[in-house]
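*Asks:* Turn these sequences into a full structure, and let the hints steer you where they fit.
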Amino acid sequence: MRALISWAMPHLIVVPILLPLITAGCMLALGEGRRPLKSAMSTISGLLNLGVVLVLAWWVLENGPVVYLPGNWPAPFGIVLVADQLSVLMVLLSVVIGICALFYSSARWEKAGVHFHPLGQLQVMGLSGAFLTGDLFNLFVFFEILLAASYGLLLHGSGRPRVSAAVHYVAINIAASSLFLVGATTLYGVTGTLTMAHLAQRVLEVPEADRWLLHTGSGVLAVAFLTKAGAWPLNFWLVPAYRSATAPVAAFFALLTKVGVYAILRLSTLLYAGQSETYGRTSLLAFGTITAAFGALGMLGSKRLASITAFSIAVSSGTLLAALSFRSEAVTGGAIFYLVSSTIGISALFLLTDVVERWRNSGSTDPDEAPFLSARFLEVENVNLDDDEERLVGRPIPASIAFLALAFMTFALIIAGLPPLSSFLAKSLMLSEAMALPAVSGALQGQVWLFVAVLLGTGLMSLITLSRAGIRNFWSSVHRDPPMLRLAEGLPVAVLLLVSIALTVAAGPVTRYAQQIARELHDPASYAEAVLSAATVPPPAKKRSDVEVEEVVP
Amino acid sequence: MELVLSLGIGIMAGSGVWLLLRPRTFQVVIGLSMLSYAVNLFIFSIGSLAIDKVPVIVDGVPLDLENYSDPLPQALVLTAIVIGFAMTALFLVVLLASRGLTGTDHVDGVG
Numbered sequence: 001m002r003a004l005i006s007w008a009m010p011h012l013i014v015v016p017i018l019l020p021l022i023t024a025g026c027m028l029a030l031g032e033g034r035r036p037l038k039s040a041m042s043t044i045s046g047l048l049n050l051g052v053v054l055v056l057a058w059w060v061l062e063n064g065p066v067v068y069l070p071g072n073w074p075a076p077f078g079i080v081l082v083a084d085q086l087s088v089l090m091v092l093l094s095v096v097i098g099i100c101a102l103f104y105s106s107a108r109w110e111k112a113g114v115h116f117h118p119l120g121q122l123q124v125m126g127l128s129g130a131f132l133t134g135d136l137f138n139l140f141v142f143f144e145i146l147l148a149a150s151y152g153l154l155l156h157g158s159g160r161p162r163v164s165a166a167v168h169y170v171a172i173n174i175a176a177s178s179l180f181l182v183g184a185t186t187l188y189g190v191t192g193t194l195t196m197a198h199l200a201q202r203v204l205e206v207p208e209a210d211r212w213l214l215h216t217g218s219g220v221l222a223v224a225f226l227t228k229a230g231a232w233p234l235n236f237w238l239v240p241a242y243r244s245a246t247a248p249v250a251a252f253f254a255l256l257t258k259v260g261v262y263a264i265l266r267l268s269t270l271l272y273a274g275q276s277e278t279y280g281r282t283s284l285l286a287f288g289t290i291t292a293a294f295g296a297l298g299m300l301g302s303k304r305l306a307s308i309t310a311f312s313i314a315v316s317s318g319t320l321l322a323a324l325s326f327r328s329e330a331v332t333g334g335a336i337f338y339l340v341s342s343t344i345g346i347s348a349l350f351l352l353t354d355v356v357e358r359w360r361n362s363g364s365t366d367p368d369e370a371p372f373l374s375a376r377f378l379e380v381e382n383v384n385l386d387d388d389e390e391r392l393v394g395r396p397i398p399a400s401i402a403f404l405a406l407a408f409m410t411f412a413l414i415i416a417g418l419p420p421l422s423s424f425l426a427k428s429l430m431l432s433e434a435m436a437l438p439a440v441s442g443a444l445q446g447q448v449w450l451f452v453a454v455l456l457g458t459g460l461m462s463l464i465t466l467s468r469a470g471i472r473n474f475w476s477s478v479h480r481d482p483p484m485l486r487l488a489e490g491l492p493v494a495v496l497l498l499v500s501i502a503l504t505v506a507a508g509p510v511t512r513y514a515q516q517i518a519r520e521l522h523d524p525a526s527y528a529e530a531v532l533s534a535a536t537v538p539p540p541a542k543k544r545s546d547v548e549v550e551e552v553v554p
Numbered sequence: 555m556e557l558v559l560s561l562g563i564g565i566m567a568g569s570g571v572w573l574l575l576r577p578r579t580f581q582v583v584i585g586l587s588m589l590s591y592a593v594n595l596f597i598f599s600i601g602s603l604a605i606d607k608v609p610v611i612v613d614g615v616p617l618d619l620e621n622y623s624d625p626l627p628q629a630l631v632l633t634a635i636v637i638g639f640a641m642t643a644l645f646l647v648v649l650l651a652s653r654g655l656t657g658t659d660h661v662d663g664v665g
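Taken in sequence, the protein lines are chains A and B. Each residue of the first sequence is one higher than the last, beginning at 1 in our numbering. Each residue of the second sequence is one higher than the last, beginning at 555 in our numbering.
Hint data in this document are derived by calculation from the structure and do not stem from the laboratory. Keep in mind that this is a model prediction, so the values were computed, not measured. Just so it is clear, CB atoms sit at the ideal spot from N, CA and C, and this is done for glycine as well. A hint or two may mislead.
[Said to hold, decoys possible] Straight-line alpha carbon distances no greater than 20 Å define the calculated SDA-like cross-link-like pairs of lysine to any residue that follow:
| no. | chain 1 | residue 1 | chain 2 | residue 2 |
| --- | --- | --- | --- | --- |
| 1 | B | Lys-607 | B | Leu-619 |
| 2 | B | Lys-607 | B | Leu-617 |
| 3 | B | Lys-607 | B | Leu-595 |
| 4 | B | Lys-607 | A | Gly-192 |
| 5 | B | Lys-607 | B | Pro-625 |
| 6 | B | Lys-607 | A | Gly-189 |
[Claimed, not checked] Just so you have them, the derived chain B footprint on chain A, three or more residues with Cβ under 8 Å:
| no. | stretch |
| --- | --- |
| 7 | 154 to 166 |
| 8 | 181 to 194 |
[As the list claims (entries may be wrong)] In silico contact screen, one side only, chain B against chain A (beta carbon under 8 Å); selected entries:
| no. | residue |
| --- | --- |
| 9 | Ile-597 |
| 10 | Ile-600 |
| 11 | Pro-627 |
| 12 | Leu-644 |
| 13 | Val-648 |
| 14 | Ala-651 |
| 15 | Leu-655 |
| 16 | Val-661 |
*Replies:* Written out as structure tokens, the structure is:
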């Protein structure tokens, strides 16, 4: 087994990118129908991908970063894919959420339009690519792939609210991509390279006269990432888009904002070294704080569960940005734990929201919300009956209300960051590490207290909002029919619930893993060393006949 | 040449941003196109401007940017043009759908 893995090793890194691409291609060849087959393909491809990513994660943990040279050009000249621990963790997160969201859609939402599963696969591909690439321009390309897929997914199901939200979403993302290009090429102009590992070395050699250009370029780049991460004031597109997207798509989107956070985390440790070490720290903290406060106030002011969940994304992003502003290894460790925990919580809450909101409306979906989810797409009555002539598919699971309420409570605790669940542990880790930072100056002391206030304040506001929503949706619902919870909808929520609980139970190893990731991130020199020393594959040995011919020619 | 190019980029980006902030969807799409033209020219200019210099290696000419034009920004701008064009086309479809559903070309779908 070990020999097999080591034989496949540098090549295994392209599987999370190529497998979804190939699956999407095969699905497109199948045409618009055959939904059950596509759903099965989607799940099988997702599980295969999960297996590969787990192997990759194990390998990276044992042997350090895996570097792959797709064009066999040595590192600073060709495109390079790098799987270090952070990349692998993010890919793992996107694969797990991808499987759950796509499986969930097979209950209902895949029928609201065409080509849902291929778009979902391309979304997974774009996410994996963005996390695995070690090249700034390649990152732009994968960003565009995942954005193109997300435009299609947001528009899935059509309807006025979705199309209106998509107009804003597409416009701001095209504008942000322009900023991305300006920032990336400015960095190229200053350092002469686009490979992230090479950048980490070159920024140390930037002459003092050019440092402002480096700062400007990276600042413009950061604005592009902050837009994707949903940072205030560039996040007014976020709530309408996420609220009106179909539930499985919104679950994906909870992860999309984290791509921006990932890029900021990755590049700030690589770029801001030496003379530039403190550049942008204060503004990152300020934007993070305001974003978290904006999200918490938005949560307090929302009534619809979908809006509350969408605003909680802003809280999560803001908290992460504020935590990353310290650029301290210990705080970053807590932030990585919080990222995983809160993303899973928010994704699952989006899925749950869909079931709960449909239950409130007695099983109907607003026709304006999904004009193409017509009777034609819903299942035919009186087929798939069991011995008692009851419907086999789509039968409500008994005690579903208890499951829904318990799941809601768990995810509410995770989002608010209350004990005993994983998010609380992550938040307390961030808090204690931030408090333990050596106070080099009074300013830093103030920043730490601001961070503490934001973390505790937004947690309290989230708790108030979510308990209010829980009371309204579960306790005051005596006269309603039991909710229709199908297996295809219950299972993904249950899986995410189990993952959240597992993160809590295994908090010790997970914390150590997150701290190890942070240690790796804050050591850009060895990252650069690992990438730039990647050996190219020697050309295949020439056949005897070729050699003889060549020898004859001169 | 530097002055003309930077003025061109600046005017194009300025008009693009102004149009992007306008309330009609057609203005927004034209604004985004102009913005992407400005960005493409900017990418092109980052590899130092040169006249009559080739990006491929010629025998006997020393290898530095004094004698060659940088090929990388030219490759980047090609990718950026293709992606920008595709995204604008996709945006046009969304705008038409919005126009059809709301009956107005206002970006918010009302007014």
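*Asks:* Starting from the hint list further up, note which numbers the structure goes against and sort them upward.
*Replies:* none
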